[in-house]
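There are 2 protein chains.
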Amino acid sequence: MKNKLTELLDIKHPIIQAPMAGGITTANLVAAISESGGLGTLGAGYLNTSQMRKEIREIKQKTNHFGINLFVPNEFSVSTSDINRAIDILQPYYKEFNINAEDFEVPSPMTERQTFIEQVQVVIEEQVPVCSFTFGIPSTEVIKQLKQNNIVLVGTATTVKEAIENEKSGMDSVTVQGIEAGGHRGSFINDSNEGLIGLMSLIPQVVDQVTIPVIAAGGIMDGRGLSAALCLGAEAVQMGTAFLTCIESGAHKVHKEVILTTSDDQTVLTRSFSGKWARGIKNKFIEDMVEKEEELPEFPVQNSLTKKIRSVASIQSNRELMSLWSGQSPMLARNTNVKEIINEVMAETEKILGDLK
Amino acid sequence: MKNKLTELLDIKHPIIQAPMAGGITTANLVAAISESGGLGTLGAGYLNTSQMRKEIREIKQKTNHFGINLFVPNEFSVSTSDINRAIDILQPYYKEFNINAEDFEVPSPMTERQTFIEQVQVVIEEQVPVCSFTFGIPSTEVIKQLKQNNIVLVGTATTVKEAIENEKSGMDSVTVQGIEAGGHRGSFINDSNEGLIGLMSLIPQVVDQVTIPVIAAGGIMDGRGLSAALCLGAEAVQMGTAFLTCIESGAHKVHKEVILTTSDDQTVLTRSFSGKWARGIKNKFIEDMVEKEEELPEFPVQNSLTKKIRSVASIQSNRELMSLWSGQSPMLARNTNVKEIINEVMAETEKILGDLK
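Residue numbers (the numbering used here), protein chains in the order written: chain U, 232 to 588; chain Y, 232 to 588.
Keep in mind that the hints were calculated from the coordinates and are not lab data. Built from N, CA and C at the ideal position, the CB exists for glycine as well. A hint or two may mislead.
[As the list claims (entries may be wrong)] To give an idea of the chain U side of the interface with chain Y (calculated C-beta under 8 Å), a few residues:
#1 Ile318
#2 Ile320
#3 Thr390
#4 Ser432
#5 Gly456
#6 Gly558
Using the sequences plus the hints, can you model the full thing?
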């Protein structure tokens with residue numbers, strides 16, 4: 232299947248693996264996608280430069296084609312009283328897990344900006360072929376520098392307006408993230424309560440307003456999703472949850488199990504884990520936080536405050552306190568290998584389009 | 232295009248006009264859809280039996296094939312203090328429009344149930360070929376009676392669970408309503424904050440769990456939407472906003488204009504007009520009510536309380552106080568006639584599927 236986007240990204244199949252930050256996108260997973268004809272992506276949002284470099288080099292031993300995703304830093308303010316209130320709210324978990332409430336790094340907008348600039352330099356030095364962005368659009372200077380180094384740039388949008396801004400900035404392509412998508416919402420202009428648009432509406436409206444190729448993200452798990460996205464005008468799909476439960480993925484066993492065994496289509500949006508809205512499967516932590524949702528500090532402050540809780544929960548395989556990100560199609564998830572998923576998505580797509588014709 | 236559903240509904244094209252209650256689905260609109268090969272539907276939720284009979288007979292003079300939609304009554308409680316609080320909230324509008332706050336009918340669950348039973352009798356007496364339901368599933372007795380009279384029954388679901396319940400009840404088909412859909416959410420099991428699923432996720436998960444044919448509703452406006460819905464496993468689409476702005480529709484001129492001139496994809500969910508969650512274009516009334524949203528009485532009480540405000544706003548063409556229902560794809564709306572829309576949707580679908588094959 233060939234189109235403008237598969238040529239731009241130099242891939243055989245119009246399938247991109249979503250950049251799931253936090254240890255899911257192992258070198259094995261990224262390479263398996265790329266070696267099966269799609270585009271694997273390292274979710275580097277939370278990595279410092281030395282971690283990034285290590286991961287990139289590991290991937291390079293397995294494949295020479297892949298992408299990387301960075302979080303564009305947003306302005307945020309954090310007062311001591313905000314932090315103290317959040318610590319009060321989280322106290323029961325700190326206590327349960329013997330976590331010292333003082334013992335966490337307070338992120339600052341300046342260090343966040345500095346980290347981002349350094350991450351961009353690593354992308355350039357390591358000549359990563361494709362770089363995508365979440366939570367906003369980088370500065371003109373950063374975009375110019377990356378383009379001078381022939382790195383293909385992909386932005387993220389949750390509304391028509393955000394897609395137009397991505398095109399204006401010089402992005403080569405834009406991923407439109409529907410309400411179906413798991414993990415963090417990439418919204419950066421609209422309040423996320425306004426940008427909650429289903430792909431059935433988002434894709435065609437964006438396609439009509441931009442000239443760069445559009446990638447569809449959210450709830451796409453099989454050939455039904457890929458063929459539908461293509462009908463709506465997208466040139467490729469980005470799949471997260473579908474690869475998260477694969478054998479090659481680095482997701483926690485419990486995270487995979489929860490998704491694979493759900494008999495329900497219910498997921499929820501929460502900002503309780505990181506301070507930004509994200510979609511996952513409901514558990515005790517999310518339920519406990521519902522009433523306090525609006526009081527919690529912004530990203531990445533809340534993320535720092537809950538980091539140790541999540542890491543202890545992970546070690547203890549405690550599903551009630553982990554962030555169990557999932558898109559809206561958990562019932563379609565399977566536990567198989569990447570090559571099989573990709574081959575089946577392509578075969579099913581061909582069959583559907585052939586049968587309907 | 233033939234499938235199980237087009238045969239069941241005896242239609243040429245897999246296109247159903249959404250039952251928009253409140254004067255939009257004129258005999259002209261309903262008949263134009265059916266005479267163009269789709270299925271027109273009278274939105275009868277708010278009609279009493281004599282209004283219903285009049286509308287049905289008017290439609291029958293223009294076409295012999297069409298459907299009707301009824302609201303399944305839900306239990307609700309209403310206390311004097313609830314009503315007084317709501318009247319307080321609405322007081323500024325009552326005052327502005329010289330509406331007497333005492334002067335409205337308090338709906339009761341018993342009269343609502345009675346009206347529904349009478350509506351069902353009219354459907355049977357008038358031999359309406361297809362009857363669809365919103366807000367729930369009717370009793371076994373009602374379903375049995377309608378089926379004995381060879382009326383095809385279509386339920387509404389916003390989650391997999393609700394779709395399964397529809398199949399169990401004996402519905403011949405189920406319409407799955409994605410988050411993209413304009414107007415009222417048909418949710419009846421899940422709290423609507425949980426059932427907000429995009430069609431990209433909802434259709435395939437439902438199709439895997441039921442054997443009755445599935446109709447996709449929400450944000451579908453053109454051949455891109457129809458072909459995508461078919462790829463996902465639906466056998467037909469239900470289109471509301473796309474027909475609302477047609478020449479034949481009875482929607483208020485201002486309502487059509489607002490949708491046709493929007494340069495944005497933004498709509499909102501509100502329960503401020505009726506007490507049930509519904510999607511429309513934001514205006515002053517919705518914004519004024521945001522903070523009080525959760526305090527307002529249930530459907531149909533709030534609906535009764537705001538009825539006169541909406542009707543005066545309508546007469547005055549005041550867009551700020553009307554309910555401007557719209558799906559999430561207002562940018563794709565067009566002001567043309569029904570026949571042209573249907574012919575173009577079918578031609579575009581064929582072209583898309585041909586090109587992608």
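Cross-check of the supplied hints:
A hinted interface residue such as U:Ile318 counts as satisfied when its beta carbon comes closer than 8 Å to some beta carbon of chain Y; here the least separation is about 28 Å, so the hint is violated. Of the supplied interface hints, the one on U:Ile320 is violated, with its beta-carbon coming no nearer than about 21 Å to a beta-carbon of chain Y, more than 8 Å. Interface hint at U:Thr390: satisfied, since its Cβ lies 6 Å from the closest Cβ of chain Y, which is below the 8 Å cut-off. Of the supplied interface hints, the one on U:Ser432 holds, with its beta-carbon coming within about 3 Å of a beta-carbon of chain Y, less than 8 Å.
At about 6 Å, the closest approach between the beta carbon of U:Gly456 and any beta carbon in chain Y falls short of 8 Å, and the interface hint on this residue holds. Given hint, U:Gly558 at the interface with chain Y, holds; its Cβ is 7 Å from that chain's nearest Cβ, closer than 8 Å.
Violated hints, listed in ascending order, are 1 and 2; each of the other numbered hints is respected by the structure.
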